[in-house]
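Q: If you read the protein sequences in the order shown, they are chains P and W. Everything in the first sequence is counted per numbering that gives the first Met the number 0, starting at 0 for the first residue and increasing by one. Everything in the second sequence is counted per numbering that gives the first Met the number 0, starting at 0 for the first residue and increasing by one.
Everything labelled a hint here was simulated from the structure, so no lab data went into it. From the three backbone atoms N, C-alpha and C, an ideal C-beta is built for every residue, glycine too. Check each hint, because a few of them may be wrong.
Simulated DEER-style distance windows between Cβ atoms [as the list claims (entries may be wrong)]:
#1 574(W) - 175(P): 29 to 37 Å
#2 4(W) - 113(P): 37 to 45 Å
#3 391(W) - 69(P): 40 to 48 Å
#4 178(P) - 574(W): 44 to 52 Å
#5 135(P) - 3(W): 43 to 51 Å
#6 21(W) - 135(P): 28 to 36 Å
#7 389(W) - 175(P): 45 to 53 Å
#8 207(W) - 178(P): 50 to 58 Å
#9 175(P) - 172(W): 42 to 50 Å
#10 551(W) - 32(P): 51 to 59 Å
#11 128(P) - 3(W): 36 to 44 Å
#12 267(W) - 95(P): 51 to 59 Å
#13 501(W) - 111(P): 52 to 60 Å
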Amino acid sequence: MGKQLGFYYNQNYCIGCQACETACKNKNKLDVGVRWRKVDTIETTANGRPVEKFLTHACMHCEKPACAEVCPVNAYTKRAEDGIVIQDHDKCVGCGYCVYACPYQAVQYNKREGKASKCDMCLDYQKQGEPPACVRGCPLQVLKVSDVSDMEKSGAVKECIGFPVFETHPSMRFTPPKK
Amino acid sequence: MKRVGKKGEGKWEKISWDEAYTTIANKFQEIIRTDGSEAIIPYSYSGNLGIINNYGVPFRFWSKLGATNLERAVCSDAGKPATKYTYGQTAGIDPESYARTKLFVSWGINHAATNVHAIKFINQARDNGAKLVEVNPVRTPLGSQADLLIQPKPGTDAALALGMMNVIIQEGLYDKDFVANYTLGFDKLVEKVKQYPVDKVAQITGVPAQTIIDFARMYATTKPAIIRVGYGMQRNTNGGRMVRAISLLPALVGMVGVDGGGYVYINGDYWAFDWKALQRPDLVGDRKLRSVNMNEIGKALLGETKETKGKPIKALFVYNSNPLAISTNTNLIKKGLLREDLFTVVVDPFITDTADYADILLPAATFFEYEDVNQDYLGWYVRLNLPAIPALGEAKSNLEIFAELAKRMGFPEDCFKESAADVIKLALKSGNPLFEGITYDALRERHWMKIKLGTPFADRKFKTPSGKVEFYSEALGKAGFDPVAEHIPPGEGEEKTPQLYAKYPIRFLTPATKNFISSQFHNLSYIKEIYEGPIVFINPADAKQRGISTGQWVYAFNDRGKVRLQAKVSEAVKPGVAMSAKAPWHKYSPEGTNINALAPDALGDMGGVSTYHTNLVQIAKA
């Protein structure tokens, strides 16, 4: 497998501040209601007591992206060089198939515009050697972008609390849970 | 803009700055003639934290005018003297030193909402094996992550600290060398903690006895250890006493003057500006001006405080704040703002709840639009704030507004003509060694500079009367407190007000949320999008008793007011405690009322601090 960029997330230290989400909205000038990135709050138990965990999630830049599979106008491309899934927004006809197909609710429908859109991992920033807005916005540095195989070599895992692994093979990886 | 509708309606007509200034100056002069200058009162707090625009030039104007002095005691004012009784100063350690600790205790603060930028240092320490303890009646995000979470009943932290000291002394885990050489009154502390055996403390705090023992041992034996005390906890009728008791712990275990260890509350003492030059208190002259505590602004507007009875406030000038949303007992404030004979000016970038009652509303520039200098509550940096953009529309900075008003009032002093750079240069020239090398020119070049200071108290010298850390403080005793430390029950509660407690058995906490800074930003569309709404966290036991489930609308109410909230049944709070974050705007809240309608306007035990968290309510299905 070639290079596949993905988000790397340390759930152990995330405090759910939503700075990643807000940085994404500001940078991409998204309409209210269009949330390319979202932070979920999960009530669960750990070490025998009730706790709160958070999960930040955006497009998973899947190995087998469902959005690309269902799109009738081939608006989606999985880039060979880095695995980022991008959308040609001009091609989008707003049918909404991708919105329903994506198991991660990463594709967002904009009613005003009548089109769908999603995270492109701030490709423009990355071309300038900068990390995406969400990564830059995280005050605790719990979110990063890296090559999936590199992440796995350094011990990253595929699961974390509140994260379902679907057959689209998401490219997000996680710090192992802290004891 | 000038008001054209009724007060509170928020109907405006655009006028020129010239007309606005003239209207305000004429009205002020008329009031001074008929009622005296003290009939005018400013109201401001932390809408911006500029040394010029918040802490500086407005004070010059009010001093010269002879306005009623506003006691700005909403925030941290009990913990400041409480800490000072112990160490001779309030300021403590550098937050960057958190990274070198082995035990971090987050006590009475939600770092995830109010001190996010310090967490990366805590996490560096955790990466190196440090333990994290949270003490908080509400489980915060760090509380979820903590190695040990302690949830005392609100307002019982002094008992918890005294119980811990009981264990530490009894088990001989204290630092004998430090205690013998650098503290005063250890014998008195030994006697005092005998009144706080663990079983009794467990009963007072609701924390299991074994947990108290475990925490005490962990704190005494894990070195270096840091305690960070927050401001939320001390917004209680017994808040000063709680901070005082906690502040003794580091001295008992020798965690004073040690890198990676210590205590921190607020580092305002390191703001080494030339305050006299900045604020010009000399402009008051011989006049003795009356004071109004900002936490009683509602009462004051209605002439119900001692100082305002029969001597009504005739003009209110609000800047850097939105009192109707953020202050206490807001139904009373609303009544005051509705007074037809009150002339109200509001300066704000946005049309806030308070702005709706203004006779004159002036567009304020934001800190993105003017030059200023800042220092942190905790961090050891002085920072130059340069405008990122020119002021939008017709917005102006406080510096410009007060300069122009001074001109219209005929104030001849040159200090009203100074530019931002003039004021900064003046403020930095305090001669305090903390600011060595920090000049305007150096800041222009580097933008941020660290104050000159090593590990606080490394020399074991303290500015207390005895020169030692004072376990026993005569000054504290003279101020009417137990000279060592004590727990007293909260002013509203089962013990002090049993009848009130019978009606309102839920202790209602209203801490900060990650989404706002106090009330700021609720009007932004991106914030509205992520703000969860007026959620009230309620324990499953209390919810079951009331037939309440998550997502249901409920009312929280007491004699001061009633507010509609959406329930979230959660273990984040213990039985008998509910929590709803501050401070959404009234106008964006269901039925036009936010949680501060319920908040008491009683004052705390030290510094006239607010007591938002000594607040009993009942909760019922809507």
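Q: Now, for every hint given, state plainly whether the structure supports it.
A: Hint by hint, here is what the structure shows:
1. 574(W) - 175(P): 29 to 37 Å: Once the Cβ atoms are compared, 35 Å apart, the range 29 to 37 Å for residue 175(P) and residue 574(W) holds.
2. 4(W) - 113(P): 37 to 45 Å: The hint (37 to 45 Å, Cβ to Cβ) holds, given that residue 4(W) and residue 113(P) are roughly 39 Å apart.
3. 391(W) - 69(P): 40 to 48 Å: holds (44 Å)
4. 178(P) - 574(W): 44 to 52 Å: With Cβ atoms ~30 Å apart, the hint is violated.
5. 135(P) - 3(W): 43 to 51 Å: For residue 3(W) against residue 135(P), whose Cβ atoms are near 46 Å apart, the range 43 to 51 Å holds.
6. 21(W) - 135(P): 28 to 36 Å: At 47 Å between Cβs, range violated.
7. 389(W) - 175(P): 45 to 53 Å: Taking Cβ atoms as reference, residue 389(W) and residue 175(P) lie about 50 Å apart, which means the hint holds.
8. 207(W) - 178(P): 50 to 58 Å: The hinted range 50 to 58 Å is violated for residue 207(W) and residue 178(P), with Cβ atoms some 23 Å apart.
9. 175(P) - 172(W): 42 to 50 Å: violated (35 Å)
10. 551(W) - 32(P): 51 to 59 Å: Between residue 551(W) and residue 32(P), where Cβ atoms are some 25 Å apart, the hint is violated.
11. 128(P) - 3(W): 36 to 44 Å: Violated - the Cβ-Cβ distance for residue 128(P) and residue 3(W), about 55 Å, lies outside 36 to 44 Å.
12. 267(W) - 95(P): 51 to 59 Å: Holds - the Cβ-Cβ distance for residue 267(W) and residue 95(P), about 55 Å, lies within 51 to 59 Å.
13. 501(W) - 111(P): 52 to 60 Å: holds (53 Å)
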